[in-house]
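Can you make the complete structure from the sequences, with help from the hints?
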Amino acid sequence: MVYQHVRDGRFQRSLSLISALSSFVSGLEVAYEHYKGSYSNLIMYSPVILSGVVTGAACCAFFSRRAAENVLRVTSAITLADGIIGFGFHIRGIQRKPGGWRLPITNIIMGPPIFAPLLFGTAAYLGFMASYLRREEDSKYGHIRYSGWRRELNEGRFQKHLAAVAALWTLFSGAEAWYSHYKSRFRIWAQWTPLVISPIQLAACIGAIFSERIARKMLPATSVITMANGGMGFFYHVRGIVRRPGGAKTWLYNILYGPPVFAPLLFAACGFLGVLASALRREKR
Amino acid sequence: MKSPLLGRFESPHEKDKRILGPLQRISRQYRHYLDSEEVDYCVVGVGSAGGVLLQRLAKAGFSVVGLEAGPFWDPERDWVSDEKGSHKLYWNNLRITGGEDPLTFGENNSGKGVGGGSVHWAAFAPRFHPSDFRVYSEDGVAVDWPISYDDLKPYYELLEREIPVAGPAYFPWGDPHGYPYGPHPLGGVGDVLVKGCTKLGIRVCAGGPVAILSGSHGNRPHCIYRGFCIQGCKVGAKASTLITHVPEALDYGAEVRELSMAFRIGMRDKDHVNGVFYYDRDGHEHFQRAKAVIVAGYAIETPRLLLNSACPGHEHGLANSSGVVGRYLMAQAGNVVLGRFPSLIRMYKAPPAHAMTEEFYETDPGRGFARGFAIQSVAPLPIAFAKQMMTAIGAWGWGMRRVLMDYNHWATLGVLGEILPWPDNRVEIADEKDEYGIPVPKVTFNLHDNDKKMIEFGKKKVMEVMWAAGAEQVVQESRYAHLVGAARMGSDPATSVVDKFGRTHDVHNLFICDGSILPTQGSANPGLTIQSLAARTADYLISQGEKIWTSDKRDMTPPPIRRHLAVRDSFTKGVPRLFR
Amino acid sequence: MIETQTGEQLLPVDPTTKRPRKPTRQPGYYPGYSTMSQKNFWDAATRQTVEKRVYDVPEIRFFSPEELPLMQAVCDRVLPQHDRLPQYRIPIVNYIDERLFKNEIDGYRYEDMPPDREAHPLGLKAINETASAMYNKPFLDLGPLEQDYVLKSIHDGEKKAALDIWSRMSIQRYWHLLVQDCVAAYYAHPWAWDEIGYGGPAYPRAYTRLENGDPEPWEKDEQRYEWEAPATSISDKYEESAAGAGTTHHGQGGTH
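Protein chains in written order, with my numbering: chain A, 1 to 285; chain B, 286 to 865; chain C, 866 to 1121.
Keep in mind that the hints were calculated from the coordinates and are not lab data. Beta carbons are placed, not taken as given, at the ideal position from N, Cα and C, and that holds for glycine. Incorrect hints may appear among the rest.
Said to hold, decoys possible - Cross-link-like lysine-lysine pairs, in silico, PhoX-like; alpha carbons within 25 Å at most:
id	chain 1	residue 1	chain 2	residue 2
1	B	369	C	1025
2	B	369	A	183
3	A	249	B	480
4	B	302	B	373
5	B	287	C	1017
6	C	917	B	287
7	C	917	B	373
8	C	990	C	1025
9	A	36	B	480
10	B	300	C	917
11	B	369	C	990
12	A	183	B	480
13	B	373	C	967
14	A	183	C	1085
15	B	727	C	967
16	C	1017	C	990
17	A	249	B	484
18	B	484	B	302
19	B	718	C	917
20	B	369	C	967
21	B	555	B	838
22	A	249	B	745
23	B	480	B	745
Said to hold, decoys possible - Okay, the calculated bits of chain A under chain C, using three or more residues with CB under 8 Å as the criterion:
id	segment
24	99-110
25	118-126
As the list claims (entries may be wrong) - Facing chain A, from chain C, some residues (calculated, C-beta under 10 Å):
id	residue
26	906
27	1029
28	1031
29	1070
30	1071
31	1076
32	1077
33	1079
34	1080
35	1081
36	1085
Quick look at the structure:
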């Protein structure tokens, strides 16, 4: 039944909830990451505030169609724009470090995480998509509106579209995993796994854009592996935090400077998107 | 990669600019006064306190000249990322040191050049505890301050924003408070301190409080964790008044006169000064006229200048009717405990200062001595480490080579202990003269019973922490850190040199504002306190206006705090303070 | 390069084979590590300072022709370098000579010490007199082990001769001055940084891996080997707090 709802694009309430959750998690992450950067520029507060707003809007969208089609749509769009602006600021931040872009590896590792704002923006994009879906209680043929790409969302025909989003997400979060694991020198073998898995998932996502066969057969498999890997990563990151000097006694500091606890969950999310995409119908075009 | 993209790094060709950091530049052109022009304030020494004073007074509209014995640094061209090459940052002119437990100077505690000691401090910036201001009342030793913690607290909060200080959101000791910039990541030594303390149940603070940026601050970048704090921060992430206060002072018309060595304070009459005699870079004598003089030369040069300014009516030195000038000099016990670990540490990475505990700061009657100590991360570079091994284990020859080959296995923690003020620890004038012909200072230092007990206890405690962290060999070296006292403030002119605003008791328009006015020193690094006192003194002078230059009356009303005089953009950056 | 003693008996020994270890270009546990290979990543001022130190060794201008060989022999024992190929030995004496010639001091002088420029020549004289008192020979004519015993007596603060000199100059402080000058010269050199695995200059590029002793991509992992000091030396043995009796000795560098 869930499958049918997804195929029909009747999952606005569920996707709103998921988007609330991912917005909340990425909001927490950006809050403490920017705390590490000391909020030295007032704009650093914007993603923290916006993620709270999107979380609230997405929760409202769970209860109200109007909220979903208005508030959630607008706030997600603004947040998406904020992510893109943030990407610009992070590029500038790297450029302003000593040596700037002439020391690309050092300064990408030690500077503001370059893809994090885009990842943040992608999370907001979920809310944006949710705003165009139909609600679970709608009948199979009811409430079909709009035209063009919005109609496709409306009808649940956006497999290629979502596969593309998942591909971007995989790229950003895989790149984050690459440079942060490189920074800690691949101390344990498991740190290699997201680097091995993310290109496969990326290939599957890109393949799914061009081939329905890949979308239906390969993408679910790689996506499940990705989700499992994200779950495992979450475990290792928590363990890494507990094993830091001071362990649980200096937990606040260790969450700040230990392995980023939510990052593997964001990686797992690209698996989730892949599963979702594989269940959707394809665009007619 | 053999090279950065686009080839090796070269110095920028901006001849007319002083390059303070990768992004921060100031013009080499600024206001100059003639010797014959009578300025409102002449500040002797542009260091931690002098830089703040210049900025505040100039911003409030006074004409002010800062005489600095050393150069006006251009960090990009003058400073190097090298231990030996940084020798020039320190006050290396001759001082004679003696007593049973002689102090050392130079790189240990004395800076030269604009920014002074704040150029080469490790930048730990904790506040003093409320108890530090009432040491005599609480413990029956030393002396009380003429001000309380609450008098200084607003200035601590202000300066922590201005320079700014990075640290945890909640700092549990003394008057608990949070910091305006987030904490830093730990390096190997901080990990050792956190591990050892946690194992022993000692609370520990990771990632600060240090005056090093954990986020960019306008045109000053985030710290890059290179570990050369004590060699001068070319990055501009570590605060020094050279990059925090002096640029704004110049913008508001202050003059910083480099390579100008003050040697005597001029007198208008017995109770008033009228300027400062100094030698310029070529050794020519000058006299800068001023309506008031503020001496900010730190704990050796300030008493030296006062003592060298002896004149009829002030036979034992200027402002020295009490005989206290030069006395009650203090250094903190800075014993370094070194531990060898089976795994690699590589302590040269990350700022030396990044983790500490003040769990043993306050007096504990069970320990058998008054006052206490802090434990802090330190991280000597190879030359300093080799010298420590020479004293710690008597290393030489093949033994020295062997222990240095293990440099990357060692971690070091420092005691920072409160040595009490004693009258026999003092600065005097020797017969010898320096290259200018100015008599050099002679410093005598002895440890007393309470100090020795504290050092013994502190050293053992840090060794315990080191063992608990997993060290397989632990040794220690005795040393000192910081210098304060020698022109202390107090309410009684018979036992102190300056009043609670830094005005000398004997001379109405002569002020002292630097570490030398501290009556006691706590177990906190003095940098932040010195700068906070300077901001407070500046507020007082601004409140008093012109009358303080001529009036013999002393208005002891505390001034209102002038937040609008803080360095620009201080309030738009940083995290909200949850605990104040 | 000033003449130094040579011979197998001066070399560190491999404890398993009991054979002397061959002198190498770069002793230490970080073979192949080179800080100088990274100099393009340093800022111009630092690069010039370090390059000058390596490629533009100062000439001897302070020590007299009589003092020079003695100073060289003393430094060869205080910080021996026989495990290095002769062309890769660090010219300690030249750097000390430069400091004394330029009269660069550390900002203080102990009241029981003469100025550094007098202390070094006086110390050499005292070392020679101690050698004569102990072995009836000048220091330069002694074997390495005997030279070590002479220096060890000064290390331990034993005034075996030259009482007039030691009455003008604290024996422990002289020893510290000598050792400090040697280590300050040796460990300022990039070859010594390579030996001990120290990262060297770090601006504009600094460090990314702060914890767990992890090397940067351009640094090397440690590769330990066992070695024993040559049998002709006694300087590898030390006890804790062996820095001489009598006065308390305080360290002098800046750390916090």
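Going down the list of hints, with the structure as the test:
A C-alpha spacing of about 35 Å is found between residue 369 of chain B and residue 1025 of chain C, which places the hinted pair above 25 Å, so the restraint is violated. Straight-line distance between C-alpha atoms of residue 369 of chain B and residue 183 of chain A comes to about 30 Å, which puts the hinted pair past the 25 Å bound. For the proposed pair residue 249 of chain A and residue 480 of chain B, the alpha carbon gap of about 10 Å is at most 25 Å, so the pair holds. A distance of roughly 21 Å separates the Cα atoms of residue 302 of chain B and residue 373 of chain B; the hinted pair therefore holds under the 25 Å criterion.
Simply put, residue 287 of chain B and residue 1017 of chain C have alpha-carbon atoms about 45 Å apart, too far for the 25 Å limit, and the pair is violated. A hinted pair counts as satisfied when its Cα atoms are at most 25 Å apart, and residue 917 of chain C with residue 287 of chain B qualifies at roughly 20 Å. A C-alpha spacing of about 17 Å is found between residue 917 of chain C and residue 373 of chain B, which places the hinted pair at or below 25 Å, so the restraint holds. Pair hint residue 990 of chain C plus residue 1025 of chain C holds up; C-alpha atoms about 13 Å apart against a cutoff of 25 Å.
In summary, the hint linking residue 36 of chain A to residue 480 of chain B is supported, as the alpha carbons are separated by about 22 Å, within the 25 Å threshold. Restraint check for residue 300 of chain B and residue 917 of chain C: the C-alpha separation of about 24 Å stays at or below 25 Å, so the hint holds. For the hint linking residue 369 of chain B to residue 990 of chain C, the alpha-carbon distance of about 28 Å lies beyond 25 Å, and the restraint is violated. For the hint pairing residue 183 of chain A with residue 480 of chain B, the CA-to-CA distance comes to about 22 Å; that is within 25 Å, so the pair holds.
A C-alpha spacing of about 13 Å is found between residue 373 of chain B and residue 967 of chain C, which places the hinted pair at or below 25 Å, so the restraint holds. For a cut-off of 25 Å, the pair hint linking residue 183 of chain A to residue 1085 of chain C stands: about 15 Å separates their Cα positions. At most 25 Å may separate the alpha-carbon atoms for a hinted pair to count; residue 727 of chain B and residue 967 of chain C meet this at roughly 23 Å. Between residue 1017 of chain C and residue 990 of chain C the CA atoms are separated by roughly 16 Å; this keeps the pair inside 25 Å, and the hint holds.
Distance check on the hinted pair: residue 249 of chain A and residue 484 of chain B sit about 10 Å apart at the alpha-carbon level, within 25 Å; holds. Among the hinted pairs, residue 484 of chain B with residue 302 of chain B is inconsistent with the structure: their alpha-carbon atoms are about 51 Å apart, more than 25 Å. Note on residue 718 of chain B and residue 917 of chain C: the hinted pairing is violated, with a Cα-Cα distance of about 33 Å set against a maximum of 25 Å. Restraint check for residue 369 of chain B and residue 967 of chain C: the C-alpha separation of about 15 Å stays at or below 25 Å, so the hint holds.
Restraint check for residue 555 of chain B and residue 838 of chain B: the C-alpha separation of about 15 Å stays at or below 25 Å, so the hint holds. Of the supplied pair hints, the one linking residue 249 of chain A and residue 745 of chain B holds, its CA atoms being roughly 24 Å apart against a limit of 25 Å. Of the supplied pair hints, the one linking residue 480 of chain B and residue 745 of chain B holds, its CA atoms being roughly 17 Å apart against a limit of 25 Å. With 6 residues having a beta carbon nearer than 8 Å to a beta carbon of chain C, the segment 99-110 of chain A meets the requirement of three or more and the stated coverage holds.
Look at the segment 118-126 of chain A against chain C: 0 of its residues bring a Cβ nearer than 8 Å to a Cβ of that chain, fewer than three, so the hint is violated. Below 10 Å, beta-carbon pairs count as interface contacts, and residue 906 of chain C has one with chain A at about 8 Å; its hint therefore holds. Interface hint at residue 1029 of chain C: violated, since its Cβ lies 55 Å from the closest Cβ of chain A, which is beyond the 10 Å cut-off. Checking residue 1031 of chain C against chain A: minimum C-beta separation of about 48 Å lies over 10 Å; hint violated.
For residue 1070 of chain C, the shortest C-beta to C-beta distance to chain A is roughly 5 Å, which falls under 10 Å, so the interface hint holds. Because the beta carbon of residue 1071 of chain C sits about 7 Å from the nearest beta carbon in chain A, less than 10 Å, this interface hint is met. Look at residue 1076 of chain C: its Cβ gets to within about 8 Å of chain A, closer than 10 Å, so that hint holds up. A hinted interface residue such as residue 1077 of chain C counts as satisfied when its beta carbon comes closer than 10 Å to some beta carbon of chain A; here the least separation is about 7 Å, so the hint holds.
Given hint, residue 1079 of chain C at the interface with chain A, holds; its Cβ is 5 Å from that chain's nearest Cβ, closer than 10 Å. The beta carbon of residue 1080 of chain C is positioned within 10 Å of a beta carbon in chain A (closest approach about 8 Å), and the interface hint is therefore held. Because the smallest distance between the Cβ of residue 1081 of chain C and any Cβ of chain A comes to about 9 Å, under 10 Å, the interface hint for this residue holds. Because the closest C-beta pair between residue 1085 of chain C and chain A is about 13 Å apart, greater than 10 Å, the hint is violated.
Of the numbered hints given earlier, the model fails hints 1, 2, 5, 11, 18, 19, 25, 27, 28, 36; all others are met.
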